[in-house]
Amino acid sequence: GESVGLHLPTLSVQEGDNSIINCAYSNSASDYFIWYKQESGKGPQFIIDIRSNMDKRQGQRVTVLLNKTVKHLSLQIAATQPGDSAVYFCAENLGTGTYKYIFGTGTRLKVLA
Amino acid sequence: KAGVTQTPRYLIKTRGQQVTLSCSPISGHRSVSWYQQTPGQGLQFLFEYFSETQRNKGNFPGRFSGRQFSNSRSEMNVSTLELGDSALYLCASSLAGGTGELFFGEGSRLTVL
Numbered sequence: 001g002e003s004v005g006l007h008l009p010t011l012s013v014q015e016g017d018n019s020i021i022n023c024a025y026s027n028s029a030s031d032y033f034i035w036y037k038q039e040s041g042k043g044p045q046f047i048i049d050i051r052s053n054m055d056k057r058q059g060q061r062v063t064v065l066l067n068k069t070v071k072h073l074s075l076q077i078a079a080t081q082p083g084d085s086a087v088y089f090c091a092e093n094l095g096t097g098t099y100k101y102i103f104g105t106g107t108r109l110k111v112l113a
Numbered sequence: 001k002a003g004v005t006q007t008p009r010y011l012i013k014t015r016g017q018q019v020t021l022s023c024s025p026i027s028g029h030r031s032v033s034w035y036q037q038t039p040g041q042g043l044q045f046l047f048e049y050f051s052e053t054q055r056n057k058g059n060f061p062g063r064f065s066g067r068q069f070s071n072s073r074s075e076m077n078v079s080t081l082e083l084g085d086s087a088l089y090l091c092a093s094s095l096a097g098g099t100g101e102l103f104f105g106e107g108s109r110l111t112v113l
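Residue numbers (this note's numbering), protein chains in the order written: chain G, 1 to 113; chain Y, 1 to 113.
Okay, chain Y solo, but in the shape it has when bound:
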């Protein structure tokens, strides 16, 4: 069974640009969550989608947004990039149900110059 796939793995952007990251969950998983990982703040919850609906959102500015498609694939977008947005963005998929294991992808490493 294929794991969670995130693309791109690495990307470099400049301040003010926007970026879109993609996540394909494990087949059959309907929940997709996004986390930001930085050395200073650790792993922080961004948002979770289930059946194309945002079910929960973390404490991030409105520049961070996401969506989920009918096939459970998800994208997140960051607009007007700032230097502090440089991070590893991790996507995790899960079965329906609300609690249980998160299956993480290997992440998208974003560097903002």
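Just chain G, same shape as in the assembly:
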């Protein structure tokens, strides 16, 4: 498949361990955030979202944490599996009432067997 990014930061974790992927967002006015997963040759796929009035949200095996003070998001994946290997992006919505999102640069997650 195609390479999403040649020089992305890479996080390597052992299968079964927990993964933490970080993202610094750009605009303090952003009020909605999404984490996306992109596998090689595919479009980004929604993982989890969070609104700015929350600081934590949990899904199945995933948790998103939001720290508005330092404009920081993190995605925690529990019991990482080989199928989690992908590039992960955070995206922020500026609250303009449109679907304009600013995407982070992405982090490549490699799961080691």
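The reader is advised that the hints may include incorrect statements.
Unchecked claim - Across the chosen pairs, the derived CB separations fall in these ranges:
| no. | chain 1 | residue 1 | chain 2 | residue 2 | range |
| --- | --- | --- | --- | --- | --- |
| 1 | Y | L95 | G | Q60 | 46 to 52 Å |
| 2 | Y | T111 | G | I20 | 34 to 40 Å |
| 3 | G | D17 | Y | N77 | 29 to 35 Å |
| 4 | Y | S86 | G | T96 | 26 to 32 Å |
| 5 | G | T10 | Y | P8 | 27 to 33 Å |
| 6 | Y | T7 | G | Q60 | 17 to 23 Å |
| 7 | Y | T53 | G | T69 | 34 to 40 Å |
| 8 | G | A78 | Y | Q18 | 46 to 52 Å |
| 9 | G | K68 | Y | T7 | 37 to 43 Å |
| 10 | Y | S22 | G | H7 | 29 to 35 Å |
Unchecked claim - The list that follows gives simulated cross-link-like pairs (lysine to any residue, SDA-like), each with its CA atoms no further than 25 Å apart:
| no. | chain 1 | residue 1 | chain 2 | residue 2 |
| --- | --- | --- | --- | --- |
| 11 | Y | K57 | G | A29 |
| 12 | Y | K57 | Y | H29 |
| 13 | G | K56 | Y | F103 |
| 14 | G | K42 | G | S12 |
| 15 | Y | K57 | G | S12 |
Stated by the list, open to error - Which bits of chain G does chain Y cover? Going by a derived footprint, with three or more residues having C-beta under 8 Å, they are:
| no. | region |
| --- | --- |
| 16 | 42 to 55 |
| 17 | 76 to 90 |
Derived from the structure by calculation, the hints contain no laboratory data. Every residue gets a Cβ at the ideal spot worked out from N, C-alpha and C, and that includes glycine.
The hints should help you fit chain Y onto chain G, whose structure is shown.
Below, chain Y without anything else, positioned relative to chain G:
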């Protein structure tokens, strides 16, 4: 329910030519957004259409244009292609409302020679 469909998936053009990419959103979705993805710049917002009207536009030159039809299908056009236009062009559809999940297609891979 069928996902977002983009055509063509791959295409090769030469500098100076123009290209039209097509996107069929998920049935019932009225918003269509376009993003450009390159290894150097990541995912960048091009424009968003809602009910046949451009609702927001990113920071791209006027060579990049788009439109949306009454059935919500969208096209984007790039005229006078440059080498730097080589990218994966991603279309995403969304329900009305202004915030929420973007549902991405698999993209159109454009190579400009």
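Going down the list of hints, with the structure as the test:
For the hinted restraint 46 to 52 Å between L95/Y and Q60/G, the CB-CB distance of approximately 22 Å leaves it violated. Between T111/Y and I20/G the beta carbon distance is about 36 Å. The supplied range of 34 to 40 Å therefore holds. Hint check: D17/G to N77/Y, Cβ distance near 46 Å, so the stated range 29 to 35 Å is violated. A beta carbon spacing of about 29 Å between S86/Y and T96/G agrees with the range 26 to 32 Å that was offered as a hint.
Taking the beta carbon of each, T10/G and P8/Y are about 31 Å apart, inside 27 to 33 Å as hinted. For T7/Y and Q60/G, the Cβ-Cβ distance of about 33 Å falls outside the hinted range of 17 to 23 Å, so the restraint is violated. Separation of T53/Y from T69/G is about 37 Å and conforms to the stated range, judged on CB atoms against 34 to 40 Å. The hinted window of 46 to 52 Å between A78/G and Q18/Y holds, with their beta carbons roughly 48 Å apart.
The hinted window of 37 to 43 Å between K68/G and T7/Y holds, with their beta carbons roughly 41 Å apart. Checking the proposed 29 to 35 Å range against S22/Y and H7/G shows it holds: the Cβ atoms sit about 31 Å from each other. Proposed proximity of K57/Y and A29/G is supported: the alpha carbons are some 19 Å apart, at most 25 Å. Using a Cα cut-off of 25 Å, the hinted pair K57/Y and H29/Y holds, with the two alpha carbons roughly 19 Å apart.
Between K56/G and F103/Y, the direct Cα distance comes to roughly 23 Å. Compliance with the 25 Å bound is thereby established for this hinted pair. The hinted pair formed by K42/G and S12/G meets the criterion: a straight-line CA distance of about 21 Å does not exceed 25 Å. Distance hint between K57/Y and S12/G is unfulfilled; the C-alpha atoms sit about 36 Å from each other, more than 25 Å. Restraint check on the region 42 to 55 of chain G versus chain Y: 6 residues with Cβ-Cβ distances below 8 Å, three needed, restraint holds.
Here's how the region 76 to 90 of chain G fares: 1 of its residues keep a CB closer than 8 Å to some CB of chain Y, so the rule of at least three is not met and the hint is violated.
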